[in-house]
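Each chain, letter by letter, is given below.
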Amino acid sequence: MAKSDVKVLGAWPSPFVMRPRIALNIKSVDYEFLQETLGSKSELLLKSNPVHKKIPVLIHGDKPVCESLIIVEYIDETWSSAPSILPSDPYDRATARFWAAYVDDKFFPSMKEIGFAEGVEAKKAAIQQLVDGLILLEDAYVKCSKGKPFFGGNQIGYLDIAFGSYLGWLRVTEKSNEVKLLDEAKTPGLAKWAEIFCADPAVKDVMPETDKLAEFAKVLAKMRAAPPK
Amino acid sequence: MAEEVKLFGVWGSPFSRRVEIALKIKGVEYEYIEEDLANKSPLLLKYNPVHKKVPVLVHNGKPIAESVVIIEYIDETWKHNPILPQDPYERALTRFWAKFIDEKCLPALWNSTWSKGKDREAAIEEASQHLNTLENELKDKKFFGGEEIGLVDIVASFVGFWFGALQEVSGLELLTEEKVPKLCKWSYEVVNQSVIKENLPSRDKLIAYFSARFADASK
Numbered sequence: 001m002a003k004s005d006v007k008v009l010g011a012w013p014s015p016f017v018m019r020p021r022i023a024l025n026i027k028s029v030d031y032e033f034l035q036e037t038l039g040s041k042s043e044l045l046l047k048s049n050p051v052h053k054k055i056p057v058l059i060h061g062d063k064p065v066c067e068s069l070i071i072v073e074y075i076d077e078t079w080s081s082a083p084s085i086l087p088s089d090p091y092d093r094a095t096a097r098f099w100a101a102y103v104d105d106k107f108f109p110s111m112k113e114i115g116f117a118e119g120v121e122a123k124k125a126a127i128q129q130l131v132d133g134l135i136l137l138e139d140a141y142v143k144c145s146k147g148k149p150f151f152g153g154n155q156i157g158y159l160d161i162a163f164g165s166y167l168g169w170l171r172v173t174e175k176s177n178e179v180k181l182l183d184e185a186k187t188p189g190l191a192k193w194a195e196i197f198c199a200d201p202a203v204k205d206v207m208p209e210t211d212k213l214a215e216f217a218k219v220l221a222k223m224r225a226a227p228p229k
Numbered sequence: 230m231a232e233e234v235k236l237f238g239v240w241g242s243p244f245s246r247r248v249e250i251a252l253k254i255k256g257v258e259y260e261y262i263e264e265d266l267a268n269k270s271p272l273l274l275k276y277n278p279v280h281k282k283v284p285v286l287v288h289n290g291k292p293i294a295e296s297v298v299i300i301e302y303i304d305e306t307w308k309h310n311p312i313l314p315q316d317p318y319e320r321a322l323t324r325f326w327a328k329f330i331d332e333k334c335l336p337a338l339w340n341s342t343w344s345k346g347k348d349r350e351a352a353i354e355e356a357s358q359h360l361n362t363l364e365n366e367l368k369d370k371k372f373f374g375g376e377e378i379g380l381v382d383i384v385a386s387f388v389g390f391w392f393g394a395l396q397e398v399s400g401l402e403l404l405t406e407e408k409v410p411k412l413c414k415w416s417y418e419v420v421n422q423s424v425i426k427e428n429l430p431s432r433d434k435l436i437a438y439f440s441a442r443f444a445d446a447s448k
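Protein sequences, first through last, are from chains A and B. Be aware that the first sequence starts at 1, since it is given in the working numbering, and climbs by one per residue. Be aware that the second sequence starts at 230, since it is given in the working numbering, and climbs by one per residue.
Just so you know, these hints were derived from the structure itself, not from any lab. All figures in this text were calculated on a predicted structure; none of them were measured in a lab. Even for Gly, the Cβ is constructed at its ideal location relative to N, Cα and C. Any given hint might turn out to be false.
What the hints assert, rightly or not - Simulated crosslink set (DSS-like; lysine-lysine; CA at most 27 Å straight-line):
#: 1; chain 1: B; residue 1: Lys281; chain 2: B; residue 2: Lys291
#: 2; chain 1: B; residue 1: Lys281; chain 2: A; residue 2: Lys123
#: 3; chain 1: A; residue 1: Lys112; chain 2: B; residue 2: Lys370
#: 4; chain 1: A; residue 1: Lys63; chain 2: B; residue 2: Lys291
#: 5; chain 1: A; residue 1: Lys146; chain 2: B; residue 2: Lys408
#: 6; chain 1: A; residue 1: Lys47; chain 2: B; residue 2: Lys281
#: 7; chain 1: B; residue 1: Lys347; chain 2: B; residue 2: Lys281
#: 8; chain 1: A; residue 1: Lys47; chain 2: B; residue 2: Lys408
Said to hold, decoys possible - Just a sample of chain B residues kept apart from chain A, beta carbon distances all over 12 Å, derived:
#: 9; residue: Ala267
#: 10; residue: Pro278
#: 11; residue: Asn289
#: 12; residue: Glu295
#: 13; residue: Val297
#: 14; residue: Asp304
#: 15; residue: Asp316
#: 16; residue: Phe325
#: 17; residue: Lys333
#: 18; residue: His359
#: 19; residue: Asn365
#: 20; residue: Glu366
#: 21; residue: Thr405
#: 22; residue: Glu418
#: 23; residue: Ser431
Claimed, not checked - Now the stretches of chain A that chain B is said to cover, found in silico as 3 or more residues with beta-carbon under 8 Å:
#: 24; segment: 111-121
#: 25; segment: 180-189
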């Protein structure tokens, strides 16, 4: 299929945008990456995602698909030849979806909370909450991977994509708070998994460098602090 | 091997009722266990240690939590009478709307009933917008799923049934024929679908429950 038949609307710093890009890479599907400018939304974005006006959006032919994990499932079902992204067994699929929802609904907010926490005690509590979450995810990793490198087994799967896409921001959080969150001592499996995930061919070109992301975080913080126009 | 299916739920919860509807659509026999949320059973805590919430489906000893995850599991395990469409694009749209309802509509509708002051005003405004979005999405379809009910209709039964009851208690007028005529018509159709009708909580019991809570909240 011609490259222009598949477009991803997004932005390089977004963990959500990374997800469909990783999925398309796994399937060896060429796509055009259209980047939104920070602070404004393109006509195409507003037309393709009128309900949420958010990135990422996958545009396949003329059909827009929205919501990062829904896009990943769409990619898996549309380009259905191997490698598969979702596991084949329904119970394993339910487990992967459960943990992906946990990562988005609990883990990510607790990561943001560290940035918002004011004062030493609040920050400590927020960090502890995140670490508790990582310990749960370590347990999930051990159960899902069954001794193999990824949550998905020998290859990157749905839950690897869902959780792994946050690794860039997790490292920024570690750096700006001078704390080790993904600790070899507390979460050995995940610490090793993180290295392998980020080095994977489907991931390495779309995972932003931590320094670049940290710079971007500062730009974002300034924008948010600036008085509204 | 005999199928052993258990469902942990709560009589008034739209989330556990939606799983029951899915099981009934598939004709799957199950054992229902009513939980007391003020006094959660050891089994519930064992089967859903992460969230400690209902619903939890246990199939041959293996637990699954999160209502939409459970329904997708049910749809993939018992393949007749499909709840999600077959086509990948249609599936993506179905999942999109189910997520929109759960993440945007339900909280706004809930908050428009229970919050106070400026928060309430904001919630009412948001809820109105979301109901309009659903109205526009329904277009000329009988159900969100087309001619037959599907995942979106099941998830949206909160709007059709629970919010109808909440409205009666709070006096809010958001889901009205004047404002969202197609959605009202859909509500009537969906709530009268036998598989849904037979698996909803008693409206009187729900109204009594919400009225008592509303009275407490107004003190």
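Here's how the hints hold up against the structure:
At most 27 Å may separate the alpha-carbon atoms for a hinted pair to count; lysine 281 of chain B and lysine 291 of chain B meet this at roughly 16 Å. The hinted pair formed by lysine 281 of chain B and lysine 123 of chain A meets the criterion: a straight-line CA distance of about 26 Å does not exceed 27 Å. Note on lysine 112 of chain A and lysine 370 of chain B: the hinted pairing is violated, with a Cα-Cα distance of about 40 Å set against a maximum of 27 Å. The hinted pair formed by lysine 63 of chain A and lysine 291 of chain B fails the criterion: a straight-line CA distance of about 37 Å is larger than 27 Å.
Restraint check for lysine 146 of chain A and lysine 408 of chain B: not satisfied, since their Cα atoms lie roughly 53 Å apart, outside the 27 Å limit. About 40 Å separates the Cα atoms of lysine 47 of chain A and lysine 281 of chain B, which puts this hinted pair outside 27 Å; it is violated. Simply put, lysine 347 of chain B and lysine 281 of chain B have alpha-carbon atoms about 32 Å apart, too far for the 27 Å limit, and the pair is violated. Distance check on the hinted pair: lysine 47 of chain A and lysine 408 of chain B sit about 25 Å apart at the alpha-carbon level, within 27 Å; holds.
Taking the minimum C-beta to C-beta distance to chain A, about 23 Å, the non-interface status of alanine 267 of chain B holds against the 12 Å cut. With a cut of 12 Å on Cβ distances, proline 278 of chain B falls inside the contact zone with chain A, its closest approach being about 9 Å. Remark: the non-interface label on asparagine 289 of chain B conflicts with the geometry, its nearest Cβ contact in chain A lying 9 Å away (cut-off 12 Å). A Cβ of chain A approaches the Cβ of glutamate 295 of chain B within 12 Å, the least distance being about 6 Å, so the stated non-interface status is violated.
A cut-off of 12 Å between C-beta atoms contradicts the statement that valine 297 of chain B is not in contact with chain A; the least separation is 8 Å. With a cut of 12 Å on Cβ distances, aspartate 304 of chain B falls inside the contact zone with chain A, its closest approach being about 9 Å. At roughly 9 Å from the closest C-beta of chain A, the C-beta of aspartate 316 of chain B falls inside 12 Å, breaking its exclusion from the interface. With a least beta-carbon separation of about 6 Å from chain A, phenylalanine 325 of chain B fails to lie farther than 12 Å from that chain, contradicting its non-interface assignment.
With a minimum CB-CB distance of about 9 Å to chain A, lysine 333 of chain B fails to clear the 12 Å threshold, and the non-interface call is violated. Not every CB of chain A lies more than 12 Å from the CB of histidine 359 of chain B, the least distance being 9 Å, so the non-interface label is violated. With a cut of 12 Å on Cβ distances, asparagine 365 of chain B falls inside the contact zone with chain A, its closest approach being about 9 Å. The non-interface label for glutamate 366 of chain B is inconsistent with chain A: the shortest C-beta to C-beta separation is roughly 9 Å, within 12 Å.
Against chain A, the non-interface label of threonine 405 of chain B holds: every CB pair exceeds 12 Å, the least being about 22 Å. Every CB of chain A lies more than 12 Å from the CB of glutamate 418 of chain B, the least distance being 23 Å, so the non-interface label holds. Distance to chain A confirms serine 431 of chain B as a non-interface residue, since its nearest Cβ pair spans about 31 Å, more than 12 Å. Counting residues of the segment 111-121 of chain A whose beta-carbon sits less than 8 Å from any beta-carbon of chain B gives 0, not enough to reach three: the coverage restraint is violated.
Judged by the Cβ-Cβ criterion of 8 Å, the segment 180-189 of chain A is not covered by chain B as claimed, because only 0 of its residues qualify and three are needed.
Violated hints, in rising order: 3, 4, 5, 6, 7, 10, 11, 12, 13, 14, 15, 16, 17, 18, 19, 20, 24 and 25; the structure is consistent with all others.
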